[in-house]
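Number of protein chains: 2
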Amino acid sequence: MSPWSAARPGDRLTDVDTPALLLDLDAFERNLERMANALAGHGVRLRAHAKSHKTPKIALRQVALGAVGICCQKVSEAAVFVEAGIRDVLITNEVVGAGKLARLVALASRARIGVLADAAAPVCDLAQIAATAGAVIDVYVEVDVGRRCGVPPGEPTAELAALIAGFASLRFAGLHVYHGPAQHKRSAAERSAAIGFATDCAKVSRDAVLARGLACETITGAGTGTFLLERDSGIYNEVQAGSYVFMDRDYADNQPAPDDLGFEHALFVRTTVMSRPSGARAIVDAGLKASSVDSGMPKVWNHPGWRYLKASDEHGVLECTEASPPVLGEALMLIPGHCDPTVNLYDEIICFRGDRIEAVWPVAARGALL
Amino acid sequence: MSPWSAARPGDRLTDVDTPALLLDLDAFERNLERMANALAGHGVRLRAHAKSHKTPKIALRQVALGAVGICCQKVSEAAVFVEAGIRDVLITNEVVGAGKLARLVALASRARIGVLADAAAPVCDLAQIAATAGAVIDVYVEVDVGRRCGVPPGEPTAELAALIAGFASLRFAGLHVYHGPAQHKRSAAERSAAIGFATDCAKVSRDAVLARGLACETITGAGTGTFLLERDSGIYNEVQAGSYVFMDRDYADNQPAPDDLGFEHALFVRTTVMSRPSGARAIVDAGLKASSVDSGMPKVWNHPGWRYLKASDEHGVLECTEASPPVLGEALMLIPGHCDPTVNLYDEIICFRGDRIEAVWPVAARGALL
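If you're matching them up, the sequences are chains A and B in order. Just add 5 to wherever you are in the first sequence, counting from 1, and you've got this note's numbering. Just add 5 to wherever you are in the second sequence, counting from 1, and you've got this note's numbering.
Bound conformation, chain A alone (with noise of 0.2 Å):
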C-alpha cells in the first residue's frame, strides 16, 4: 500500500493528493435516508450488500439507519464485518471446502451467519462441521434466475430445502433469488420483466417448499437496479441493494422507471491532469488501477465536453471538445464505471463535507477474496 494517506482530517479537498477515493458524505446520508424511506411501511427488510464498500463504518451506519444485517460474498469478508462488530451477516455465496466451512461456522460463535446452498454435499458438510462446533447456521436455497449458480426452481429447491430443515445443526433460512442480469437493463420495461420472471420462480419454489410442510421465512434479493421492483413483489420482503450509498456510471446509466428514487453519485476518484500533450487530449492519473473499467470507462463529473477515452494500467487519456479544456495540475473527479471493483483497489475512503476533509475510513475488507 502506499507510505501515505491521500488526505487527513481537516485538509482542504484541494489538499488530497490523487488518485484518491472520494465520498460525499452529504450525497451518501441522502441515499442513506432515501433507502430506509422506501423500504419504510412495506414489511420489506434492509440486508445492505456490503461488497460494494467493504467498509465496516458504512456497514455500521446502514444497521443504524434500519438495515437488519449485511450480505458480503466471502468468508473473509465476514470476518472483517464480524470482527467490527455486526451480528447478522449473510454470505450470498456458496461456500465449498471443509477449510473454508470450519472458518464459516466459528464466526457463528459471534454473530448469525447464513449461507446459500445449491447442492447437497456442502450441505452434509457443512451440518457436520457445524455439529461438531455446536452451532446452528441459516442456509438458504440459491434458486437459479440469472444463469449463475443455483437449482432450478420449483421441486428441486424443496427438496433441497427439505434436506437442510433435516440437520438440527442448519437451519432452512428461506430461499436466495437474485436476478444480477437485471440490474443493469437499460430500460424500466425490461428489468420489470426480468423482476417479473424472478417473482414467478420466488413462487414456485415456495409454494413447493410449503408444501412440504417447511416454514420459508425469508425470500431475499434484489440489488440497486429493481429493488423497488423486489419490495412491491408481495414475496420478497428483504433486498440486498449496496451500490445504492455510491451510485456509479453504470448504474446511472439505466433509464430510471418512474418510481425511481434519485440516487446522487457520492463516490469519486480524485485525479490529476498530468500531461496536456494536444489541445484536445489531457492525460490523468488515474488508470484502470484507481477506477475499474469492467464495466466502462468513468465519466468526469461535471464536464460533459471532456471524455474519458481509454485506461492504461495509472494513466487516462482525456478528449477535451469543451471551450474550457482542463489545464496541467488540474485536479478532477471521476464518476466511477463499477463502484465494487474500484472500492476493492483503495485502502482508504477519504470523507468529504463541502470542501473539508471530514475522516478517512479503512476499507478494511478491501482484498479479503478468501
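These are calculated hints, taken from the structure and not from any lab test. Just to be clear, a hint being listed does not mean it is correct.
Where chains are identical, the list cannot tell them apart; a pair therefore holds if satisfied intra-copy or between any two copies.
In silico DMTMM-like pairs for lysine to aspartate or glutamate, Cα to Cα no more than 20 Å straight-line [said to hold, decoys possible]: (1) 190 - 318; (2) 315 - 149; (3) 315 - 299; (4) 315 - 255; (5) 62 - 31; (6) 62 - 363; (7) 62 - 88; (8) 62 - 264; (9) 208 - 88; (10) 208 - 149; (11) 190 - 265.
Knowing the structure of chain A, use the given hints to seat chain B on it.
Structure of chain B alone, referenced to chain A:
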C-alpha cells in the same frame, strides 16, 4: 485484507485456500534467466518494470541477475522499492504538483531517482524543489510515439532537454520512447513496424538533442511484447520489460516472432469450483476481484475444453465441453488476462515449487497509487 493467508510455506499446493495468486517458481526463474541471457553482450541494460509485480522480493532478484534497477509508475510505488533496498528507480511517468514532487525529491537521499517530463512548468517546479533539498534528479524527456503523454519527436524534445540541462539540480538523462500500443499488436510484422516508427522518432529526437551540444546518455523504452526489437534497434540502450516474469494470457495471444524467447506462464489464480448448476456450466470462486478482466477473461490452464465465459465480482462462469468436466470442489488454475492489475488485487503471492509452497511474498506496493 483477508484476516488469514491462503497458504504458508511448507503447505501442499492442494491445501491452498482460494482464490489465491500463485507463482510457479521454476517457470519464473527460467523466465528471469531467459531475459538475462537475451540481453547479455548486446550493450542494452534491463530496467525491469516493477509495476507488473509490485513485489520487492522480485525486484531484488532482477537486480541480482543484472538489472540496473527498476522502473515504476508512481512516487508511492518508488518509495516502497527504495525502502526495500532498490537503489536506482525511474518513475516512468510525468509527476506534477509541489507535494508529489517533494516526496519524489526526498527519495533521492537514498537512491538514484529518475522521472519523465513533457512540459516546462513541472520541470521548473522540480528543479526548485530539488535545489532546496540539495538533491539532483535524473530527468528524461518523454517522446510521444503512442498517443499518450510526451512531446513530439525532434526539435521539441531538444528544447525541453535544454531546459532540463540548464538546472544544476536536474540531470538530463536521456529519452523515454515507449510504444505502449505496440506491445499487444498480434502479428510480429505489426509490432516490428510500430517499433520501427518508435526507433525513427528516437533517432530524430536524439539527433536534435546532440545538435544542441547535449549528451543523450540513455534511450529507454520497450515492453515484454517488443523488447528484442528495441534491443536490436541500434539506438535503445535500456529496456523496461516487466510482464516477462509472469506472462499473462494477453501476451501469450501475441503471435511469436521467429526469435521469440518462449517465456512461460508462471502466474496463476488458483480457484475452486463452487457450483455445478448444469452439465456444461461450472461456477468458480474467482471473479473480477480475483483476476482483472480489462484485457479479457482469464484462461483455464491445461484444460482447452473449459472456457471462462464471464466474470462477476466474485463468480466466474465456465463453459465445459470436455469429456471430463470439473467436479464440485475441484481446484483449477487460471492464467490471468492481464497480470499487472491482477497482482494489484492481492496482498501476497503464494510461491510454489512442484506440489509444495516454498514462500509467501508480500505484494508490498499493492495499491500504491499516489
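(message) Tell me the numbers of any earlier hints that the structure contravenes, in ascending order.
(response) 8, 9
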